[in-house]
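Enquirer: All chains should be modelled from the sequences, with the hints used to inform the complete structure.
Chains as they are written, first to last, in my numbering: chain A, 1 to 392; chain B, 1001 to 1346; chain C, 2001 to 2249; chain D, 3001 to 3285.
Hints listed in this document are in silico derivations from the structure and should not be mistaken for laboratory results.
Since the model is a prediction, treat every value here as computed from it, not as a measurement.
Possibly wrong hints are sitting among the right ones.
Pairs of lysine to any residue, SDA-like flavour, derived with a Cα cap of 20 angstroms [unchecked claim]:
id: 1; chain 1: B; residue 1: Lys1216; chain 2: D; residue 2: Pro3184
id: 2; chain 1: C; residue 1: Lys2079; chain 2: B; residue 2: Met1220
id: 3; chain 1: A; residue 1: Lys118; chain 2: B; residue 2: Met1220
id: 4; chain 1: B; residue 1: Lys1216; chain 2: D; residue 2: Ala3087
id: 5; chain 1: D; residue 1: Lys3218; chain 2: A; residue 2: Lys133
id: 6; chain 1: A; residue 1: Lys133; chain 2: B; residue 2: Ser1168
id: 7; chain 1: B; residue 1: Lys1231; chain 2: C; residue 2: Trp2116
id: 8; chain 1: B; residue 1: Lys1213; chain 2: C; residue 2: Asp2003
id: 9; chain 1: C; residue 1: Lys2166; chain 2: B; residue 2: Pro1228
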Amino acid sequence: MLKRRTLVAAAGAALGCLAAFPVAAQEVVKVGLILPMTGPFASTGRQVSAGAKTFIQTHGDTVAGKKIELIIRDDAGVADQTRRIAQELVVNDGAKVLAGFGLTPLAMSVAPVATQAKVPAIVMAAGTASITKASPFITRTSGTLPQYSLPVGTWAAQNGIKNVVTLVSDYGPGIDAEKWFTKEFKAKGGEVTEAVRVPLQNPDFAPFLQRVRDAKPDAVFVFLPSGVGSLFMKQFSERGLADAGIKLIATGDVTDDDILNSMGKPSIGTITGHFYATAHDSPENKAYVEAFKKANDNMRPNFMSVGGYDGMALIYAALEKTKGDASGPAFMEAVKGLSWTSPRGPVSIDPETRDIIQNIYMREVKEVNGELQNVEFQTFEALKDPEKAEAK
Amino acid sequence: MSAVQQETTVTANPTADAESRATRLMKRRSRVRFYEIVIWLAAIAAYFVLPSKMLILTEIAILALFAVSLDLVLGFAGIVSLGHTAFFGFGAYIAGLLALHFIAEPVIGLIVAGILSGVLGLLTSFLILRGSDLTRLMTTLGIGLMMAELANQMAWLTGGADGLSGFSLNPVLGLFEFDLFGKTGYLYCLAVLFIGTMIMRRIAFSPFGLSLKAIKGNPMRAAMIAVPARKRIVTAYTIAAVFAGMAGALLAQTTSFVSPDVLAFHRSADVLLVLVIGGTGYLYGGIFGAVLFTLVKDWLSVVTPQYWMFYIGLILVVLVLIGRDRLARWIEYLPERFSKSKEEGR
Amino acid sequence: MSDIVLETRNLKRYFGAFLATNDVSLKVERGARHALIGPNGAGKTTLINLLTGVLPPSEGQVFLEGEDITSMASFRRVKRGLTRTFQINQLFSEFTPLETVALAIAEREGVGHNLWRSIAGYGKVVDEAATLLARFGLASVMAERTVILPYGKQRLLEIALAFASKPRVLLLDEPAAGVPEDERHEVLSIVSDLPADVTVLLIEHDMDLVFSFANRISVLVAGALFTEGTVAEISADPRVKAVYLGENA
Amino acid sequence: MLTILFDGVAYGMLLFILACGLTVTLGLMNFINLAHGAFAMAGGYVTVIMMNRYGISFYWCLPAAFLVSALIGLVLERTLYQWLYQAPHLDQVLFSIGIVFMAIAATDYFMGGQQQLINLPPELSGRMDVFGVGVGRYRLFTIVVCALLAVALQFILSKTRFGSRLRAAVDDRRVAMGLGINVPLVFALTFAFGSGLAGLGGAMGAEILGLDPNFPLKFMIYFLIVVSVGGTSTVSGPFLAALLLGIADVAGKYYVPAIGPFVIYALMIVMLIVRPNGLFARGGR
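Expert: This is the structure in structure tokens:
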């Protein structure tokens, strides 16, 4: 019975003020960037948006005669928020291109909107392989789990590692990583003695590490989302698995450049496979890292930021190819087969699957003039996403 | 002469006059209030006045149905629940799975989701019959978390942490296609909200509804006038589960996607906040609360994207400190005085 | 020989170490006007709580018309005709008297579980409620919120509610307690013109109320049945006076 | 398998320290304080700031974490909590959820959203073998400290005058006042003490459980399970419940990882049905 009279008045007024928002549309291509700026995945949002902004700063905001306007919106990592914001950006704000998507469910929730509204959606972070199958208007500039788990399997088999225990987070990307590492490693003669799965909401790794230690493998292959990886690293060394002779190999998410320094000594020597490291030596990367640090008070760009950077690069390249025509089908046609040199190295978009083809580097964590870096030592050239290649 | 005799002589033939007046009084209690008409008209007007805001209006309608269903349990029967989203999420997954594997007709999906959520409510209702408020809070919280964990584990069925997608809905009743602007979605949700609220309104003013309020008001006295409390609470909890399941189904159908987030704890906390804002025990609290909560949250998330949670927390703390009942009592005196004068006037 | 309608056998109830009801075996005949008296703290209200299922007994049994209702839920006992009033008013503060009584009648008539038709639609129930309220002089306040009614009126509503369930056995727990002087005998007159076949167990301190109303009296001291007898026997019994004055309790 | 048992005990001990503060506020003051985790988080962040920014040794951080959280507890109790002691449980729950939301957002604002890490002093990190069983030094340290705290808490509650005055104040507020016990003061100190314990638990837990702004929500369920299973009228109840829970959780995840999390929730619901007022609640059929 709470303030019934005032409630009616307040609700009426509130609904009224909604009508006040103007809708503007002129010779501008609006790019809607939907990212988790708050909540547990806020670091992803921060990195990707910084990467995208760095691209615009270094390449100007006009391409093929069209002005690019970036609208950044926060979905707090909640799927139906992402969906609603995407629909509003397309319907109300006239966004021509959607981008961002920090997690797989966020990308999946926007697939129906992309298809129905014929608006391209560029995935800049989410890693599960099946996303690009969800809609013909989805492309990706980050990478897929199978894409950078497979080479770790190859490397392990080639470097005398006989048996491995896999330890992954029990959710979509984790299962992908486990499946493709095991498939490749077995194909190359290796043997996976045990597959441990860690609940997503996991406060303590003790029991799982103990299981790994008891299995006494040559190495443990790990996939964990970046935030949790640092906690795992500490407990890995504290439990003495390193000095029990068990090598730690993982995907690049675990030694995420964003928090590598704060992991400290335990992370040294970890072998990971990923498509980008801040320490990657190429002229494009040096320029990118320098511009990024200048614009973001010395924050170190990680693989998420390069996903944002290349996402913008893809938009600019596609618009140039279509001479500024940002309509969905034309844009997607232009995207297929696009290739350019990214800070991470040469990349291209696979015409059939619209997913990214890129080099995957094997790297080791070393201390380089006072800072911990992922130093690359081996490259697997232009790898496609194996999941879709196999499904064809 | 004692007051009793005096009383009877004044109303000479007590049976005839008192009866008609009594029935009139009882009918007056359940008459359509002014604010009810206003809110439904506003909702329909919003369709025309705010074409660009269909999506947020749909979100309000879904949250309102979910809040009104909780009010049936919290406002009427006095059962505290921190896990009402278990039914919301369950309904969402059922609707999604139905559309994906069986029939993509929304209305059938909605009804089946409601029924199955009702069954889940029935099965878990015996858990809330025992113990105090604290135990009920804990048990419902436990059920909610268990459902969330189940959804994540059964990835083969529910898509796990990546969510359930890849299904699209046929037009509602074969006529209204789900359009991108969310127009059909809004009208569909509004219709379901209207029907649901009307059904719950009838239940509220039925003997059953009155007995629920009696159980909440004074359990011992309710038992002393032969109200079978446990049976009534189980029925109310099941009905609430049906409507919560339907609200979940609406979300799944209008976004053609079910994320694991439908079972997240924050939804149960949000819906409690909605009822605190809107007030409990008169059903419309859920609707008013949903409108204000969603708009405040949306406005805050635009103004301070990083820290809107702080202000939501602040609102909650301030509301509780002011004391929901003190606010409610202040409101009740206003219409009371207003209505009393009207009655004497006749 | 009038049969026994309400009976207890060696009823006991502990509160921790304290024995509130001490091996009570009480027999109440049909149609009796049975009074239960005793000093404060003798365990009268505890006994009533045991009879009406508000409290489960530690030991012993309770029989209603020969049926063992020891562990039966309160609402089922009311359905079988055993109801009570409370010493301290137990009412629904937000309800109006009309709603309260109407609900009691609806439950009695077995329509309480109906969740479709509005309660206003049950003309017969509402009318019966209005008549009953009029009989208790509550017609003028039947639409007010119970919480704002004067104490005397609330007390009358408490008794009206018990009547609404049409009990065969009515337990009155100090019905006149707290009722202002001028309305006191009003309560008495209503209680006394209860139909003959209704058995009444009256718990009361007011001796002239007891002696003018009851035809049989049991005296409860320290949780145990001290003595039983007709009005004449008990009023003449010196020990009862002593117990009240506390000489040799 | 002893290491699993050892880890379980260490984890259980940690849960006890975190939850026993809640036992005090919930059981003795009948206040459902879901925001208990926020005080634990405060203790954790105090440790992080002191160690990382000012380089103070870990040992000094623990008492500091206790004092700072106790202080925050005292301030909040005096300003906000004391009006709600008589409020219905629902209001208390909503109020504390509000506090949790505010704590999360404020911590996110000041300290950023990422996982906070602390580097333990050398003698606490790494492992050593005790009678052939691989034992983490830090976990051993946790067990020792928590055991001492448990004994101290039991002693304070049952033997000291403050403990008896506290239990009296909660049993019946009015009667306690009648005996001249300054109930508001007792409640304030108890709340502060409970929050302090939580802060200490947060500081010690940062290493094992990790620390980020969502800590209060993530671990709220664990605190509540310990308290609801352990009952609120004694200290030994939650202590045993925490141990039971710790071992069940660790063993569950080790032996049956797939259904690990179910073990705890199922345990809680079953316990609530069987003994609504807690497994070890004193008396009361």
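Enquirer: Confirm or reject each hint.
Expert: A quick look at each hint next to the structure:
no., hint, result
1, B:Lys1216 / D:Pro3184, "violated (31 angstroms)"
2, C:Lys2079 / B:Met1220, "holds (15 angstroms)"
3, A:Lys118 / B:Met1220, "violated (63 angstroms)"
4, B:Lys1216 / D:Ala3087, "holds (16 angstroms)"
5, D:Lys3218 / A:Lys133, "violated (33 angstroms)"
6, A:Lys133 / B:Ser1168, "holds (15 angstroms)"
7, B:Lys1231 / C:Trp2116, "holds (17 angstroms)"
8, B:Lys1213 / C:Asp2003, "violated (39 angstroms)"
9, C:Lys2166 / B:Pro1228, "holds (17 angstroms)"
Hint compliance for this structure: hints 1, 3, 5 and 8 are broken, all remaining hints hold.
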